[in-house]
Every structure is written in structure tokens, then in C-alpha cells.
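**Student:** Single-letter residue listing:
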Amino acid sequence: MLLTIDDLCKVYRGRVRANDGISLSVAAGEVFGLLGHNGAGKTTLLNQVIGLSRPTSGAIRIDGCDPVADPDTARRMCSLQPQAQAPLDGITPRQAIRLMARIRGAGRRRARARADELLAALDLEPWADTVGQKLSGGVRRLTAFCMAAAEPGRLVMFDEPTNDVDPVRRRLLWQQVRALGEAGCAVVLVTHNVVEAERAVQRLVILDQGTVVAQGSPAELRGEHADRLRMELVAADAHAAARLAGEAEGVEPAVVAGRRVSFPIEASTASPTLAWVQRHRTAGLVDEFSVTPVSLEDVYITLVGPTERGGPIESEVESASLAA
Amino acid sequence: MRHWLRSYLLLLRWNLLRMRTFLPLLLIAQLMMSGGIVLGFSILIPEHDRVTVLYLSTGAPTVALIMAGMVLAPQALSQQKLRGLFDYQRAMPVPRLAMLAADASVWTVLALPGMVGALVVAALRFDLSYDVSPLVVPAALLVALVAISIGYGIAYLAKPEVTTVLTNLVIFVAFVFAPVNYPAERLPDWLAATHQWLPFQYMAQAMRETIDVPAGGVPALPFAMLAIWGLAGLAVTARIMTRRT
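Protein chains in written order, with the working numbering: chain R, 193 to 516; chain F, 173 to 417.
The shape of chain F in the complex, shown without the other chains:
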């Protein structure tokens, strides 16, 4: 465990050094995007009832985490593959999951200001108040874990060009065709049924219902589904990372 933690901290340090020059840019982009989702979608949807507004304001942090884990992180990993960092890391005496954790930490922290920013923008724009549960922290971590373990699985398996296409597809689906920024009832039945098995809906629900706890309390189902997706993603990604040619 000590070796794991030491490896994690050193790799985290390396990541921060490596990314420090473009961290501010990424932070600003994330902030603008999260705020933009709230404001932009509110232009698209003219009726600002509380449900719509709540979906928009809590959907934005979810999208920020999906964006970080399923788009930015895998695309950065593809770049690392192209530039040889991947070969270096593979030859290092570090636990594979410590490598994943060090990367995931940076991308999750990177998504945080955007998440908070979106909530603040929504609160100011729509005069919204939240009933936040402390469970929002494990919810956000779980969403980040699911996003990054799936994102890394794609990046490890696919060629860099394919990764770019796939990750763009993922964010497009999450943005437009997933019940993240709006309720599942608005989707066609078949798509709503498909989303019963995909992680996006549960990511959004876990975030939404811990940021603004519903009358019946925080539900267990999204946490359970996300835990299953997270473990499956982690198992597959760990398997791919330790795979030998």
C-alpha cells in the first residue's frame, strides 16, 4: 500500500508539472463550458420551470465530469501514446491503477471549478437555491471514476484517431441524446429504455439528487448502477493496462 501511495503521489507530481502550462487554459475552458451549458440551454428551452432549471444547473456539472473523464483524459492519453510517454510509464515500476488514479485525480480536480461555476451561474440566473447533501462528494467521485475508467478503456484499446472520433461521439450523446440536461420522459421510449442500462442517466441523477435532495431522500439506485459501471470499467481498463503483447 505504501508503494502504491508513493507511486501515486510521484505520478501526480509529474502530471502537474507536465500540465501546468495549459492547466489555466483548461480551467477557463471548463468554467466557460459549464456556465455556457446553463445559459445556452436556457435560451433553447423557453419555459423555465423549476424542474427544467434544476436539470440544466445540475446537468452542467455532470457534463463537466463526463467531458473531463471521457473526452479530455482519453484524448490526452492518446497524445501520450503518440509521444512515447505511454511506453515510459509502462516500463516504470508503478502499480497500473496508481497511474490511472494519478491521471483521474488531475482531471477530476480540473472539472471542479466548472461544476461549482455552473451551479453558481444557475443560482444567479434563475434565483435557484439547492438542498445539498454531503453525498454529493462520493457522487461526484463515482461519476468521475465511471467517466475516466470508460474513457481510458477506449484510449488504451483504440488508435489515437479512433479515440478522437469515439470520445467526440460520447460527448455528443451525453449532451443531446441522454437524460442529463432534461428528464428521460422527453426521449423516445426505446432510447429511454436503452438509457436504463447506460451510465449517463445515473451520473446525472446521482449529481442532481445530491445537489438538491428530493423529498424521498437520496436514492440508492444511481449509486448502485454507477458502482457496477465503475467496477466494470476499472476491471476492463486494469486488464488492458496490464495486458502484454
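Only chain R is shown next, with the shape it has when bound in the complex:
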């Protein structure tokens, strides 16, 4: 395993347990997801891996190196795209990517080639030579992604890389994430975008309040839910959505987001539910509906709960689905 984390705890002053007994491992060539609500402890975890923050207890090893004892070596072995927007004032994406690749150890020629390659792969060439202050948030975020990916080292970590990025370039970005894995890097992907993560990662952990609540491949996490389907419908209005959510006979309570209602059902009982929704559609209460195999999003909501302490999860899930 390239990255091993064992029983990691991080307690901040004020006794906030940002990470509480986290254990996980990531192999070379693997794309690994770190999922959780805002404040679940994802960024805290990354900061400890890259040696910016010191664990309260527990151990981290990056290919045998201990970032607590030797943060300089840890930083040379792994690259990070922080969640903060890239500081590109006065500097163009092409210059920033080349410089970061060179700082990370690439030779002049390789830095140049990697910058050109990534700018083309993410369709960023129209802005490649525009200074940062004139770029949109999405282009800045993609540039930051390229800065981390150009010379990634053995372990590369992306903290919410798709924020502000348009749907077409998100797909291009996921291709590059997979390419990094195929090139032998261990990739850690932090996101609260469950739908996208499901497509991109080979294994993942779900964090809640600093603890690991589930770990495995997307298929393993679906596990017992594998024979379930998800009914998703769009009601005529919010009032109808609330009424339908109350009526729905799902395996779990329905989740309502605006006009959207979603709930898991057993495959064996799909027919009565279909008849029920078709009836409401005819009556004008339902605009449209779909039935799909249960997704990681459903598992996630079951594990972590439909609402988070900092705000509603529905809006995130909705935007995730819309973006996917």
C-alpha cells in the first residue's frame, strides 16, 4: 500500500475531534474517494498527510515515509490541490502549471510538455495565456488541478477538484484522474459530490463527524442494497412533493429536495410502486419519474443522514445529480 493511515486522531483546541480513529489505505494505481459532508474531517486528513498539520495520535505512512517526522520528504512525495482557489494573479495557467511542475522536480522540457498536454486534455487552451485575474472560477479551479497533476509524485490528492467546473470539463477532468491512476499514482479524491465519485473511484470511505462510517468499493458499499431500486420523481409543486413523500412506501423514508422526491424500493415490489406513481402522474401530481438501481448516493444518505449539521444535504445531492 502506498498510503497507510492507522487509527488517526486529530483533536483541535476546544476539543473538536476533527478526525477520530481513521484507518485506511490506498494502493499505487488506485483512485480512492474520501466522501463526507462539509466539516466531516476530509481536509483535516489531507493536511496531516502532506505534513501541514500534526496528528494528535495515530500513524501515517507514505511509501514508508512518516510525514509527521519528515514533512519535507512527504511534501516531495505527494502533491495536493488545496480547496482554496488557485492564486493566479499576474500569472497565466500555462506559466503556473509549468512552474509548479518544475518546483515539483520536473525538468524544463517535461514541465512544458505536461502543461501543454493537460491544457489540451481539459480544453483550456483558449485561456492558457490569459492572466489569472481575468479567468473564471472554473478555469482557475481546473488550472489548480493541472498544477497538482502535472508532476504528481507518488501520491496526488485533490480537494474538491470539480467545484465551479462545467459538466463537460468535469468529464475531461475525471479522465485525467483515471489517467493518473493508470500511470501508477495513488490518487485521493476529496468530494461531497457522491454521484461523480461513484463513477471515478475504485474504493472509498465515507466520513461522518471525523469517523469512518463505511469503506469499500462502490459495489461493496451498495452491498445489501444491491437488489434495491431507487424511485425518483418530480412532483408538480413542492406541496405535492411533500404529500407524495408521505404516501411513498419505500424501504427508507423519502428524501425531498424542492419538487424532487426520491426513495429506495425493493426490486420485488417495484410493480405496485410503478402503478402508484403512474396513477399520480395521470392525476397531474407527478411531472416525470424514473426508476434506477440504488446508487451510492442512497447508501451515503442512509449512512450519514439526510441533513447535515451545517445545512441541508438535499441541495448538494441535487446539484451533484444535476451536474453528473
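Since the hints were derived computationally from the structure, they do not count as laboratory data.
The following residues of chain R were derived to be distant from chain F, with all beta-carbon distances above 12 Å: (1) SER217; (2) ARG306; (3) GLU317; (4) GLY330; (5) THR403; (6) ARG452; (7) ALA462; (8) HIS472; (9) ALA475; (10) LEU495.
According to the in silico footprint, chain R covers these stretches of chain F (three or more CB under 8 Å from chain R): (11) 187 to 198; (12) 246 to 260; (13) 265 to 272.
Don't be surprised by glycine CBs; every beta carbon is placed ideally from N, CA and C.
Put chain F on the given structure of chain R with help from the hints.
**Tutor:** Relative to the frame of chain R, chain F by itself:
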């Protein structure tokens, strides 16, 4: 060492790219300020004897270095903290002191035209000639090092708003209440005694007595005091830069 040098050069390049749009403005501001100190203070002080004029003309380059290291550099760092560049730099595989050196280089070079400008203005205005020692180069570097290591210490420790207040306070003290542009004898005894332990007086003396070497030669004391302040500032700043939360 190779890694250190490579990191330094690449960060220097990044700094120059980042600052190139407002470098001319900063250069002009520094030039005007240094010249302004010489001309402005000469209006305030009516008697233009050689000592007064020498203090003014050599105090201006010192203030230019203090301004760059203790005001402009920490305020720029505060901005970087606000805009996230700081987080990026912290996650980069570069030696922390190479980061500091790359920043310090830009700010020191930026202060140079102002320093030379002030000396030229003073020479023309007061018909002054200097007996310059080659030690002026290490003196200026030492002054810049002390200024920037203390300035960065403040900026790393304090919140951006507090940094602005503190750095403004520093330049106010250096300008008005420190024996930089005038001899220490003009200060009240307690303040003159305090300045025996602060760096400002030694910054000014190191610059003054290498730009115009006194009869007894260049003294060692200011260099020694500045070296102590520089090392202490560097140690504290390096400690803060490598500190982990």
C-alpha cells in the same frame, strides 16, 4: 543545496511574474518616497549642517529598506494569506527559507533605486560627497534581512488586519521616533536607551557609516547587533513557517 537553490530561483521567477504588473508603480513610489524624505525633512529642519544632511541622506535609504521589509513585504504576505497563495506555498515541496529568500530578494531589489535615488538627490541638493565603503553592500543586505525577517514574523503570526496596524506602527516609529534620520542625542534619554536594544539605530548606523566612512573606520557594533537581530528574526520566522497546527 541544489534543491534549495532550484526552489529559490523558481519561486523568484513566480514572484516576478506575479508582481510584474505593479513593479513599476512600487519602484516609482519608493523613488519618490526616498527623495521626499531628503527634501521634506530638510524643510522641517532649517539648519543644514553636514551632520544633519548626512543623517537625512543616509537615513532615507535605511527607511527605504525598512519600508520594503517591514511594511510592503508583510502587507503583501497578508494579502497572499487572504487569497490562498500561502496555502499553496505551504503545500509545495520547497525549503521554507528558500520561500523567504525569494520574497526578500524581490523586496530588497525593489528598494535599491529608491536608496540610490535618495543619495543622488541629497548630493545634488546639499552638494554632498560620500566616502563609500564596499561594506555598504553587506550592510544593506543585513538591514534588509533584519527588516524582512521581523516583518514576515509579524505577518505570519498576526491576522491580516493586525499586520496592517502593526506594520504602520513600525514605520511610524522608524520615521519619527528612531535615531535614523537624526542623531540619538535628540531623543529623550529613556527612548535613546531603548534604542540601544532595538535594530533601527544600528540599521541607520550601518548604512550611514558605510556610505560615508567616519575617521575611525567602519565600526563593528552595528554589524554585530544586526547579525544578532537577523539571526533571531530568521530563527523565529523559520520556526513559525514550519510550525504545524
